[in-house]
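Fit chain F to the given chain H structure using the hints.
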Amino acid sequence: MAASFPRHGRLLVLLVVAVVSACLGAAAAHQAGSGEGYTISGRIKIEGANPKGFGLPAKTSNTKVILNGGQRVTFARPDGYFAFHNVPAGTHLIEVSSIGYFFSPVRVDISARNPGYIQAALTETRRVLNELVLEPLKEEQYYEVREPFSVMSLLKSPMGLMVGFMVLMVFVMPKMMENIDPEEMKQAQEQMRNNPVSFSSLLSRAQG
Amino acid sequence: MAAPPRRPFLVLLAGLLLVASLATLAEAIYEDQVGLADWHQKYIGKVKQAVYHSQKSGRRRVVVLTEENVISSLDLRSGDIFWRHVIDKNDPLDQLSLSLGKYVLTLSSGGTILRAWNLPDGQMIWETNLKTSTASNPQLHVMSNNKVAKDNLVLVSAGRWIYAVSSIDGAISWEKEFSLDGLEIKQVLQSPENDIVYAFGIAGSSKLALYQLSAKTGEILKDVQESLPGELSGEIVLGSDNVLVALNKARSSLFLIEFKSERISYKKVHVSDLVQDLSGTFKLQSLSNGVITLQTSSTVFLLKLKDTNGLEVVQRFDQPAAVSDALTIAEKDEAFAVVQHVGSQIEFIVKFRSDVSNENIREKVNIDHHRGNVEKVFLNSYIRTDKSHGFRALVVMEDHSLLLIQQGEVVWSREDGLASIVDVTTSELPVEKDGVSVADVEHNLFEWLKGHMLKLKGTLMLANADEVAAIQALRLKSSEKNKMTRDHNGFRKLLIVLTKAGKVIALHTGDGRIIWSNLMPSLRASRFGGMPSALRIYQWQVPHHSIMRENPSVLVVGKSGAESSAPGVFSILDSYSGEELNSMRLDHSVVQIIPLTLKDLSEQRLHLIVDSNSNAHLYPKSPDALNVFLHETPNLYFYSVDIQANVIRGYSLQKSCDIKGDEYCFSTKEIWSIIFPSDSERIAISETRKMNEVVHTQAKIIGDHDVMYKYLSKNLVFVATVSPKAAGDIGSALPEEASLVAYLIDAVTGRILHRVTHHGAQGPVHAVLSENWVVYHYFNLRAHRFEMEVIEIYDQSRADNKDVMKLILGKHNLSAPITSYARPEVVVKSQSYFFTHSVKAMAVTQTAKGITSKQLLIGTIGDQVLALDKRYLDPRRSANPTQQEKEEGIIPLTDSLPIIPQSFVTHSHQVEALRGIVSIPAKLESTTLVFTYGVDLFYTQLAPSRTYDSLTDEFSYALLLITIAVLVAAIIVTWIWSEKKELRDKWR
Chain H
2 MAASFPRHGR
12 LLVLLVVAVV
22 SACLGAAAAH
32 QAGSGEGYTI
42 SGRIKIEGAN
52 PKGFGLPAKT
62 SNTKVILNGG
72 QRVTFARPDG
82 YFAFHNVPAG
92 THLIEVSSIG
102 YFFSPVRVDI
112 SARNPGYIQA
122 ALTETRRVLN
132 ELVLEPLKEE
142 QYYEVREPFS
152 VMSLLKSPMG
162 LMVGFMVLMV
172 FVMPKMMENI
182 DPEEMKQAQE
192 QMRNNPVSFS
202 SLLSRAQG
Chain F
8 MAAPPRRPFL
18 VLLAGLLLVA
28 SLATLAEAIY
38 EDQVGLADWH
48 QKYIGKVKQA
58 VYHSQKSGRR
68 RVVVLTEENV
78 ISSLDLRSGD
88 IFWRHVIDKN
98 DPLDQLSLSL
108 GKYVLTLSSG
118 GTILRAWNLP
128 DGQMIWETNL
138 KTSTASNPQL
148 HVMSNNKVAK
158 DNLVLVSAGR
168 WIYAVSSIDG
178 AISWEKEFSL
188 DGLEIKQVLQ
198 SPENDIVYAF
208 GIAGSSKLAL
218 YQLSAKTGEI
228 LKDVQESLPG
238 ELSGEIVLGS
248 DNVLVALNKA
258 RSSLFLIEFK
268 SERISYKKVH
278 VSDLVQDLSG
288 TFKLQSLSNG
298 VITLQTSSTV
308 FLLKLKDTNG
318 LEVVQRFDQP
328 AAVSDALTIA
338 EKDEAFAVVQ
348 HVGSQIEFIV
358 KFRSDVSNEN
368 IREKVNIDHH
378 RGNVEKVFLN
388 SYIRTDKSHG
398 FRALVVMEDH
408 SLLLIQQGEV
418 VWSREDGLAS
428 IVDVTTSELP
438 VEKDGVSVAD
448 VEHNLFEWLK
458 GHMLKLKGTL
468 MLANADEVAA
478 IQALRLKSSE
488 KNKMTRDHNG
498 FRKLLIVLTK
508 AGKVIALHTG
518 DGRIIWSNLM
528 PSLRASRFGG
538 MPSALRIYQW
548 QVPHHSIMRE
558 NPSVLVVGKS
568 GAESSAPGVF
578 SILDSYSGEE
588 LNSMRLDHSV
598 VQIIPLTLKD
608 LSEQRLHLIV
618 DSNSNAHLYP
628 KSPDALNVFL
638 HETPNLYFYS
648 VDIQANVIRG
658 YSLQKSCDIK
668 GDEYCFSTKE
678 IWSIIFPSDS
688 ERIAISETRK
698 MNEVVHTQAK
708 IIGDHDVMYK
718 YLSKNLVFVA
728 TVSPKAAGDI
738 GSALPEEASL
748 VAYLIDAVTG
758 RILHRVTHHG
768 AQGPVHAVLS
778 ENWVVYHYFN
788 LRAHRFEMEV
798 IEIYDQSRAD
808 NKDVMKLILG
818 KHNLSAPITS
828 YARPEVVVKS
838 QSYFFTHSVK
848 AMAVTQTAKG
858 ITSKQLLIGT
868 IGDQVLALDK
878 RYLDPRRSAN
888 PTQQEKEEGI
898 IPLTDSLPII
908 PQSFVTHSHQ
918 VEALRGIVSI
928 PAKLESTTLV
938 FTYGVDLFYT
948 QLAPSRTYDS
958 LTDEFSYALL
968 LITIAVLVAA
978 IIVTWIWSEK
988 KELRDKWR
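If you read the protein sequences in the order shown, they are chains H and F.
According to my numbering, the first sequence is numbered sequentially starting from 2.
According to my numbering, the second sequence is numbered sequentially starting from 8.
Just so you know, these hints were derived from the structure itself, not from any lab.
Everything hinted at is true.
Quick list of the computed label-pair ranges, beta carbon to beta carbon:
hint: 1; chain 1: F; residue 1: 181; chain 2: H; residue 2: 48; range: 37 to 43 Å
hint: 2; chain 1: H; residue 1: 140; chain 2: F; residue 2: 230; range: 55 to 61 Å
hint: 3; chain 1: F; residue 1: 42; chain 2: H; residue 2: 181; range: 57 to 63 Å
hint: 4; chain 1: F; residue 1: 830; chain 2: H; residue 2: 136; range: 52 to 58 Å
hint: 5; chain 1: H; residue 1: 163; chain 2: F; residue 2: 984; range: 18 to 24 Å
Keep in mind that this is a model prediction, so the values were computed, not measured.
For glycine and all other residues, C-beta sits at the position ideal for the given N, C-alpha and C.
The shape of chain H in the complex, shown without the other chains (with noise of 0.2 Å):
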C-alpha cells in the first residue's frame, strides 16, 4: 500500500511502508529537496476505532499531534496519519493528546550522518517502535463509576457499623453476659444493688 506523496516531485515513502525496509529497526524518514530538513510521518491507531485498525474513533476528531513539547501542532488525519516537515536532525518528542486516552509520548532520533534513518521509542514503557505507530497506553475514564447498590456497602457506611454495632450490643452482650463466670456476676449484682442505676431509671429520670 505504497503511497505516493508528490512534493517537489519526489516521493515520499509512508512510514507504514517502511515496515519493508525496516529490519534496521527504524522508522522512516525523507530528506526534503531542500535540504532544510527530513519529514516525520505515523499513524495513530486507536483500538476499536474502525475496521482497518487505524485512524479515530468519531469522538476524537480533536486529536493533536505535539511536536516538542508545543513547538508546532498538527492535527491527525481521519486515517489516523500525521506528518511533520522540516525538522532538522537530533532528538525529539511526540506528544500525542486526544482527550478520552494516555498516549506515552515518543522519543524520535533523527540521525544526521545517515541521512533518513529515524528511531523511535516510547519514553513511557521504553518500548522501540519499529514503525511510527502510535496506540494509547490506556483508555481514560474520568470520572467514578458508581457501584450498583449492594447491602454490604450499606452496612460498610458510618451509619451502617453504628446500627451493626448496636444489634451487636443487643443480641450479643446478654449471651456475654452469660458466659461471666457466677461468682463475678453476683458481685456485680450486689453492687448494681447499692446503687440502683438502670437504663429505664435513667430513662424515666430524662423523662421526670
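Chain F alone, transformed into the frame defined by chain H:
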C-alpha cells in the same frame, strides 16, 4: 483505586486527623455530577475572517477565523459552535476559504501550511507543506469553475512563490518561483475564459510585475514589468477587473494601475484632491467591482472608479463605521454593507454596486454601548419568501464580541472577548440584606419529601432517566448556587476578568453568567495610533469593618501605548455594578505594579507603581495613605527581574523623588543585584509566593515525633536559568550543552539560599512556590522525559526548640521574629520525579486557613488540568518507607508521578489554549475554587482533602433517618427488656 468512603458522617465526628488516612488521594466526581459545581464555556476569540456556506447547501453556517488562532464553524441561527479547532500560536492562521462547497481551506505560518478541513464535522482531510520565502502577506485564491481538472485548484502565493494545489487531496499540481528579486505577490486573479492566472506583485518598493501563467501547468505566458515614479507602501487593493489601486509610501497619493494583456499603465491621484480634510493614517479596502473605500480613524469614504481612470467620492461616513466585502447576488450584481454608529444605535446600510448612491436597506439596530465601535462586518444574503434578497450581517465589535444582525435586530451575540483574558481577580457578593425573604427558596413539606424520595431512589439506583433528570434539576435549584448574595461557604463570588480588548467582565461563579461588563474608555484603542493595552486587575477596596456599607472596588491598570515608556492608565470600578468610579491617566509609565498589604483608613489597598525611570509612585494619592506608607517605608524592599539584561535587582525606597512637589513619588536605590553570566545562563522563569497565601503552621511533625520547622519567608524568590543553547525548543540542544540552574533567593538581601544545577536539563520551565517548597517542571534531555523537581526548605535555627526544658526556661527562639536581615540556617531537601506530559501552566490550591493539604494544579499539553497531590511530590519519599513514615502518609517512592484520570479536575472537558489557572480560597476551609482560562473558561470547586467540614450533596439523608429510626427502635427494645429485667429482679 479503592472505593472511597462515601459517607463523611464519621469523618465529621472523627475530625481532621482521621481524614488524612481515610481520604483517597484522588478526588473524582461521578458522571451525573457534571455541571453541579463546575461550568465550561467555549469561545473562539475576535473574528478576523468569515466565510458563509453557500445558499445551496441549505445549512445556515458560517466558518470563521479568529485572532486567537481558532477556526470554527458557527450556527447562523444561534451562534453555537458546531466544531472548532484551536491552532497553535506558532502556526498563525492567515487566510480562510471554502472549496467545492465541502472543504474549508486554511493557510497558516506565512503561507507554508495549507490545510483542508471537512466542512460538516471539522475533521482534517489533508495538510500540505509549501516551501516559500519568508512572506508577510500570503494569499489564498480558490479557482472557480476550472476546466482543466475535475477538482478545483487552490492558488497559494507567498513572496516569490506561487503554488497550485488540488483541493481534493492536497497534491501540488504545479509550483513556480519567480526570478525577480524581492518580489512579493500581492494579488492573484484568474480569467475564467482562457484559464490564465494573473499574478501581480511588487518588487522592491516601486517596481510592478504582472505575470500571466497557464492555469494548467504554471508556465509563464507573459510577464510585464513597469517602474513607478515614487515608492509604494505595499498596500494594494483590487479596484475593478483590471485596475489595482496602490497607496504610495508617503500615503499622500494613490496609483491607479491598469493592466491589460500587453502592458501596465498607471495614473497618479492625490488623496488631497479627493478628500480635503484628511488626517491621520488611512487604509484601503476593496469593495465590489469599481468601488473601493478609504478608511481613516473617524471617517469612511466610498470611492468609485470613473471610466476615465479617475476616482470620485461617492459618499462619506463621518461616524466610526465599518464596511463589508462585496457579496455577489443574482443578476451579476454585488452588494456591500456599511455599518456606522448613530448615537447609541448602529445603522446597517446595504448598497448595490449597480447603484452606489442609493441604499437598498437602512436599518437601525440598538446595541449595548459597552460593546464599543463596530470593527468588522461580514454580509450575507438570503432569499425572502417574496424572492427578494434579504440581508444579515455578522458584526465584530470593539470588545471582540460577535453579533448577528438581521431585520434591525440583534439575533444573537457571543461574548468572545472572554477568549483573551489578561488577568483575573475576585470579589465577594453583597451580603444578604435583612428583610429580604428567603421563604420562596424553602419548599413546602410535600415538595421536600418528594425531593428526598427522588434522591433516595437515585441512591438506590431505582430511578429511571426522567427521574434522574428531575434529581439533577432539583439539585441545581436547591443548591442556591446562582443567587446574587454572599453565601456561608464562600462559594458564590464574582470572577472579575480583564480582557485584551480592555473590557472588564464579572462572571458569577455559580453558572458563569455575565453579571456586568464594562469596556474601559481609557483602554479603548484610539484610532489615531497608540494601542492601549490592558495589564492587570487588582482588588482596590475590600470593605470590612467601618465602611461595610460601601461596595468593593477593583483597580484596572493599563498602558496607553505599546512601548514601555507609554504612560499608564488607571481605572477604578465598582465590583457590584461595574460602574467606573474614577479614571486617571498617569503621568508616568508602568513597569512594575506592587500591591502592598497596607490599607488606608477607607480600606483602599496601597499600590506602588514603578516607572521606567525606577521611580516608585504610591496610590491612592491620599494623605492618609501616605502616612501609613511612610511609616512602613524603611521596611519596604522590592526586586525586579530583567530577563533581557539577565539581572535580578533588589531595591529599597528613598524618601524623595526627582519630581518636585510630588510627595507620592519615591526614588529607589539599588541595594543588590545578581548578574547571571549571559554566556552560560539565561533567566527562564522567576516565581514567588502568592501574596494572599495563608500558612497554618510552621512546624511539621514527622513520623518519629520529631519536628521540622518550615522556612516560611514571603521574600523567597525562585529563579531558574537555562544555558543559552537550551533556551530553545526541545530537540535543539544536546544533553551535554544543556543545563538548568535553580536558585532560591531572598529578595530583601539578595542572598542565594540554595542553588542546584541540573545537567542535561532544559526548559520550558514552569514553577510554583508555596509555603516552604517549590516545584518546577523541566525537560530532562538525558532521559528524554519531563521531570518535576521538588525543593523543600526547613529552618535549622529553630530545630533546637524541641527541647522541652529550653521551652520551659524560655530559652527558645520561637517568638523571635523571622527576619531577612539575619543569615538563615536552612536545610534543603529535594527530589525529582518523571512526569509524562508537557505543562502549559501550574498553580497550587489555596484554602482559607491553609490547613487543608495542597494539590498542584497542572495544565497539561492536552489542555486539561490535573490535580496532583503534594504528597506525591514529597522529597522524603523513599523506596521502603518505615512503619512510622507510612503512618505519616508517605507514599513509597516511584520514579514517575501517577496520572490518575479521575483526578483531572476538568474531567472530560478541555480548556483549549490553556493559559492560566487561578485558585481562590472559599470560606469553607476544605474547598478551593479553581478558575482556568484560555480560549475556553472552566470553573470548578475542589476539595483537596475531600469535604471534611461539610456534608456533600451525595450525603444520604434517608440513610441517616433509617439509622436514627433503627437506633430509636433499639433503645425502645432495650428499655422494655431492662424494665422486664428490673421487674424480675424486684420479684426475686
